[in-house]
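S.K.: With chain A held as given, fit chain B onto it using these hints.
Those protein sequence lines, which keep their order, are chains A and B.
Just so we're aligned, residue 45 is where the first sequence starts under our numbering, counting upward by one.
Just so we're aligned, residue 45 is where the second sequence starts under our numbering, counting upward by one.
Check each hint, because a few of them may be wrong.
Put simply, identical chains are the same to the list, so a pair is met inside one copy or across any two.
[Claimed, not checked] Below, in silico cross-link-like pairs of lysine to aspartate or glutamate (EDC-like), each with a Cα-Cα straight-line distance of 20 Å or less:
| hint | residue 1 | residue 2 |
| --- | --- | --- |
| 1 | LYS125 | ASP418 |
| 2 | LYS242 | ASP164 |
| 3 | LYS104 | ASP241 |
| 4 | LYS104 | ASP204 |
| 5 | LYS172 | GLU135 |
| 6 | LYS242 | ASP294 |
| 7 | LYS242 | GLU422 |
| 8 | LYS172 | GLU183 |
| 9 | LYS104 | ASP293 |
| 10 | LYS242 | GLU107 |
| 11 | LYS242 | ASP293 |
| 12 | LYS125 | GLU362 |
| 13 | LYS125 | ASP293 |
| 14 | LYS104 | GLU135 |
| 15 | LYS125 | ASP378 |
| 16 | LYS125 | GLU383 |
| 17 | LYS104 | GLU394 |
| 18 | LYS125 | ASP364 |
| 19 | LYS172 | ASP378 |
| 20 | LYS125 | ASP384 |
| 21 | LYS172 | GLU386 |
Derived by calculation from the structure, the hints in this document are not laboratory data.
Number of protein chains: 2
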Amino acid sequence: MSVTAAQGFTAAGIAAGIKENGNPDLALVVNNGPRHAAAGVFTSNRVKAAPVLWSEQVLKGGEVSAVVLNSGGANACTGPKGFQDTHATAEKAAQVLPGHSAGEIAVASTGLIGVLLPMDRLLPGIGKAAAELSPYGGEKAAIAIKTTDTVHKTAVATGDGWTVGGMAKGAGMLAPGLATMLVVLTTDADVDGPGLDKALRDATRVTFDRVDSDGCMSTNDTVLLLASGASGVTPAHDEFADAVRTVCDDLARQLIGDAEGASKDIRIEVVNAASEDDAVEVGRSIARNNLLKCAIHGEDPNWGRVLSAIGTTRAAFEPDRLNVAINGVWVCRDGSVGEDRELVDMRYREVRITADLAAGPESAVIWANDLTADYVHENSAYSS
Amino acid sequence: MSVTAAQGFTAAGIAAGIKENGNPDLALVVNNGPRHAAAGVFTSNRVKAAPVLWSEQVLKGGEVSAVVLNSGGANACTGPKGFQDTHATAEKAAQVLPGHSAGEIAVASTGLIGVLLPMDRLLPGIGKAAAELSPYGGEKAAIAIKTTDTVHKTAVATGDGWTVGGMAKGAGMLAPGLATMLVVLTTDADVDGPGLDKALRDATRVTFDRVDSDGCMSTNDTVLLLASGASGVTPAHDEFADAVRTVCDDLARQLIGDAEGASKDIRIEVVNAASEDDAVEVGRSIARNNLLKCAIHGEDPNWGRVLSAIGTTRAAFEPDRLNVAINGVWVCRDGSVGEDRELVDMRYREVRITADLAAGPESAVIWANDLTADYVHENSAYSS
Numbered sequence: 045m046s047v048t049a050a051q052g053f054t055a056a057g058i059a060a061g062i063k064e065n066g067n068p069d070l071a072l073v074v075n076n077g078p079r080h081a082a083a084g085v086f087t088s089n090r091v092k093a094a095p096v097l098w099s100e101q102v103l104k105g106g107e108v109s110a111v112v113l114n115s116g117g118a119n120a121c122t123g124p125k126g127f128q129d130t131h132a133t134a135e136k137a138a139q140v141l142p143g144h145s146a147g148e149i150a151v152a153s154t155g156l157i158g159v160l161l162p163m164d165r166l167l168p169g170i171g172k173a174a175a176e177l178s179p180y181g182g183e184k185a186a187i188a189i190k191t192t193d194t195v196h197k198t199a200v201a202t203g204d205g206w207t208v209g210g211m212a213k214g215a216g217m218l219a220p221g222l223a224t225m226l227v228v229l230t231t232d233a234d235v236d237g238p239g240l241d242k243a244l245r246d247a248t249r250v251t252f253d254r255v256d257s258d259g260c261m262s263t264n265d266t267v268l269l270l271a272s273g274a275s276g277v278t279p280a281h282d283e284f285a286d287a288v289r290t291v292c293d294d295l296a297r298q299l300i301g302d303a304e305g306a307s308k309d310i311r312i313e314v315v316n317a318a319s320e321d322d323a324v325e326v327g328r329s330i331a332r333n334n335l336l337k338c339a340i341h342g343e344d345p346n347w348g349r350v351l352s353a354i355g356t357t358r359a360a361f362e363p364d365r366l367n368v369a370i371n372g373v374w375v376c377r378d379g380s381v382g383e384d385r386e387l388v389d390m391r392y393r394e395v396r397i398t399a400d401l402a403a404g405p406e407s408a409v410i411w412a413n414d415l416t417a418d419y420v421h422e423n424s425a426y427s428s
Numbered sequence: 045m046s047v048t049a050a051q052g053f054t055a056a057g058i059a060a061g062i063k064e065n066g067n068p069d070l071a072l073v074v075n076n077g078p079r080h081a082a083a084g085v086f087t088s089n090r091v092k093a094a095p096v097l098w099s100e101q102v103l104k105g106g107e108v109s110a111v112v113l114n115s116g117g118a119n120a121c122t123g124p125k126g127f128q129d130t131h132a133t134a135e136k137a138a139q140v141l142p143g144h145s146a147g148e149i150a151v152a153s154t155g156l157i158g159v160l161l162p163m164d165r166l167l168p169g170i171g172k173a174a175a176e177l178s179p180y181g182g183e184k185a186a187i188a189i190k191t192t193d194t195v196h197k198t199a200v201a202t203g204d205g206w207t208v209g210g211m212a213k214g215a216g217m218l219a220p221g222l223a224t225m226l227v228v229l230t231t232d233a234d235v236d237g238p239g240l241d242k243a244l245r246d247a248t249r250v251t252f253d254r255v256d257s258d259g260c261m262s263t264n265d266t267v268l269l270l271a272s273g274a275s276g277v278t279p280a281h282d283e284f285a286d287a288v289r290t291v292c293d294d295l296a297r298q299l300i301g302d303a304e305g306a307s308k309d310i311r312i313e314v315v316n317a318a319s320e321d322d323a324v325e326v327g328r329s330i331a332r333n334n335l336l337k338c339a340i341h342g343e344d345p346n347w348g349r350v351l352s353a354i355g356t357t358r359a360a361f362e363p364d365r366l367n368v369a370i371n372g373v374w375v376c377r378d379g380s381v382g383e384d385r386e387l388v389d390m391r392y393r394e395v396r397i398t399a400d401l402a403a404g405p406e407s408a409v410i411w412a413n414d415l416t417a418d419y420v421h422e423n424s425a426y427s428s
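The following block holds chain A by itself, in its conformation from the complex (with noise of 0.2 Å):
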């Protein structure tokens, strides 16, 4: 279903021979209306890729009528060259577009960085993508915008008469102040710029932003949502907002659960906290420290590792009020040693650490992965 859940979306995803194994790498999605309102996400990087500044500027226009996404290559770091080239991009779209205009048109790269596009593939892919558009094409484009993700990512939420799709893709450099990700959400609901904008930022707080799979920012993180008001309904915002945040959540889930690598999510819940900043600040530390991702990996219940990662935040607490649990389990109370460490069954994919900061009411929870093997072995032959 993905971005053509939604009705007044058609979307294509093929092979444009960017990539050199053959496999698809652009996808086209198109909003038909009557409506174009869009809101949009960017990675907090300083160092941001062309696509990112080019679509920031389409943003601020305030309407978003179609996205090209490709993988196969970043698009970051490539200077002037770059930003011309994702120039180029959106003009040759708006080009076989009939009735768009380039300004109206975001562009989203996901791959290596610090590489030029092959344009002479990639702007004859526009042609084809277009020829392509079908309101079925949503798994399609999904798929095109993979990169080392193993399955395409897509989720759905519907309303009374209206619908929320999505996908994405990432499966590494994922951080908070966003994951490499790409995503494309889509709603026929009939939401103006400004109501898209508070949902999309409400969601990603909360899901995207609190994914921290290896600790690592992207130079190309880009979430939209697009809205072609089709379904003629405008529902109200805080059930568009859930709706948004459904989507968004699934979605999250599925890129920590596809990671580079990873053997185990984690679920990482901090609370008692005096403050949420605390409390996302201790669950970042912790979802960071590779020592733990490690012992994780192992199955190896060490809570010492979670004690020493919340000790280098700033958060409010007490060293001897410190309680730890890993899978139900509390390991560590009062700073020290808990329940017999053998009781915690981590044989499961997910494992859940609670720390208890004992500050305060506050709470929340990022996710995160283990560190593996695989995940260096990916990582370390990625380019070459």
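M.R.: Okay, now just chain B, sitting in the frame of chain A:
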């Protein structure tokens, strides 16, 4: 030579049975005076092991006459009982070292967090170590503090009639704000406490604090500098400080060279930064980027990952003015593709990354390691 290179010191290293494999696990370093001046630097982790809390108190008294160090257990996150055990360790040492009081005896521990030490073995071990104290015992002491270290680490620098010597352990959990390391430095120079403190802090700030093997900060880091005054020489402060820094730098490089599972030592030099703080922040961000660390392991000059790491910092820079060299080849110029990456030769263990922020006159060097499957293996099985 180690901690007994300087006059006035004796040391021993023995197997007390703390480690189940029977390897040496207890070291004793004694300052026989005439002076017992000392300075110490400890972990900045807010979760501090019992021996750190104890030794911080001892240092406040201004005199340290002996140090008991054990491997085989960190005595961290062990609650009131853990602190009592550290206290008992110092009391036992005072008992077997006539003329010394427990309040002058520092304690340092390393090993697994969250496990109580086997005091029934440790305490008799102190008596055994005291019986073996020798002015030639420095090497044995250095061997007894090893955990996953593959080699013991010692260094010496000499002045005109005086000497600074030292030993270190540490092979993982190496990060700024001190690595997981135990370091004891000794000198026969006649220097008072404030002089030692200044020399030690100035040295650690640019040596141990700029080592970042895996971004993980320990609960037990301890660096002690003891002065016996036995040479009768009081060197000029700068001369003495140079010697201390030389020994710290030597030991810090040995730590990086022996980091768990590492196949590459990565020297990250950040140049043309607006401030030294900016240079250090950028250097650490690069040092902690798992994707880059994997790429270095794969001998892949993936400079995009360097830019991506720089982009997550608050340092002053413009993305399109960044330059990056890997082993002397400027693969990134003005934030974009520079010299041919095929020119980069990464066959050797040392890899040099230069990040030019083009924002000012300051610089800093951070040392890190690559991320390897061996690191994952060592750390996923450490406690089991």
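S.K.: Please go over all the hints and tell whether each is borne out by the structure.
M.R.: Verification of the supplied hints:
1. For the homomeric pair LYS125 and ASP418, neither the shortest alpha-carbon distance inside one copy (35 Å) nor that between copies (41 Å) is at most 20 Å.
2. Taking identical chains as interchangeable, the C-alpha atoms of LYS242 and ASP164 are never at most 20 Å apart, the minima being 39 Å within one chain and 63 Å between chains.
3. Within a single copy, LYS104 and ASP241 get their C-alpha atoms as close as 12 Å, which meets the 20 Å cut-off; across copies the closest is 56 Å, which misses it.
4. For the identical chains of this complex, LYS104 and ASP204 are neighbours neither inside a copy (30 Å) nor across copies (69 Å), given an alpha-carbon limit of 20 Å.
5. In this assembly of identical chains, the alpha carbons of LYS172 and GLU135 lie at most 20 Å apart only when taken from the same copy (15 Å versus 81 Å across copies).
6. In this homomeric assembly, LYS242 and ASP294 come within 20 Å of each other (Cα to Cα) only inside a single copy, at 19 Å, whereas the closest approach across copies is 55 Å.
7. For a Cα distance limit of 20 Å, the shortest separation of LYS242 from GLU422 qualifies neither inside one copy, at 37 Å, nor across copies, at 46 Å.
8. In this assembly of identical chains, the alpha carbons of LYS172 and GLU183 lie at most 20 Å apart only when taken from the same copy (17 Å versus 72 Å across copies).
9. In this assembly of identical chains, the alpha carbons of LYS104 and ASP293 never lie at most 20 Å apart, being 26 Å within a copy and 52 Å across copies at closest.
10. In this assembly of identical chains, LYS242 and GLU107 lie within 20 Å of each other by CA distance solely inside one copy; the values are 16 Å within and 61 Å between copies.
11. For the identical chains of this complex, LYS242 and ASP293 are intra-copy neighbours only, at 16 Å inside a copy versus 52 Å across copies, given an alpha-carbon limit of 20 Å.
12. In this assembly of identical chains, LYS125 and GLU362 lie within 20 Å of each other by CA distance solely across copies; the values are 18 Å between and 53 Å within a copy.
13. In this assembly of identical chains, the alpha carbons of LYS125 and ASP293 never lie at most 20 Å apart, being 36 Å within a copy and 44 Å across copies at closest.
14. With identical chains, the CA atoms of LYS104 and GLU135 are at most 20 Å apart within one copy only, with a shortest distance of 18 Å there and 70 Å across copies.
15. With identical chains, the CA atoms of LYS125 and ASP378 are at most 20 Å apart between copies only, with a shortest distance of 13 Å across copies and 57 Å within one.
16. In the homo-oligomer, the alpha carbons of LYS125 and GLU383 lie at most 20 Å apart only across protomers (16 Å), although the nearest pairing inside one protomer, at 60 Å, exceeds that limit.
17. In this assembly of identical chains, LYS104 and GLU394 lie within 20 Å of each other by CA distance neither inside one copy nor across copies; the values are 40 Å within and 47 Å between.
18. Proximity of LYS125 to ASP364 under the C-alpha cut-off of 20 Å is restricted to the inter-copy arrangement: shortest distance 12 Å between copies versus 56 Å within a copy.
19. For the homomeric pair LYS172 and ASP378, neither the shortest alpha-carbon distance inside one copy (63 Å) nor that between copies (35 Å) is at most 20 Å.
20. Within a single copy, LYS125 and ASP384 get their C-alpha atoms only as close as 60 Å, which misses the 20 Å cut-off; across copies the closest is 17 Å, which meets it.
21. For a Cα distance limit of 20 Å, the shortest separation of LYS172 from GLU386 qualifies neither inside one copy, at 58 Å, nor across copies, at 34 Å.
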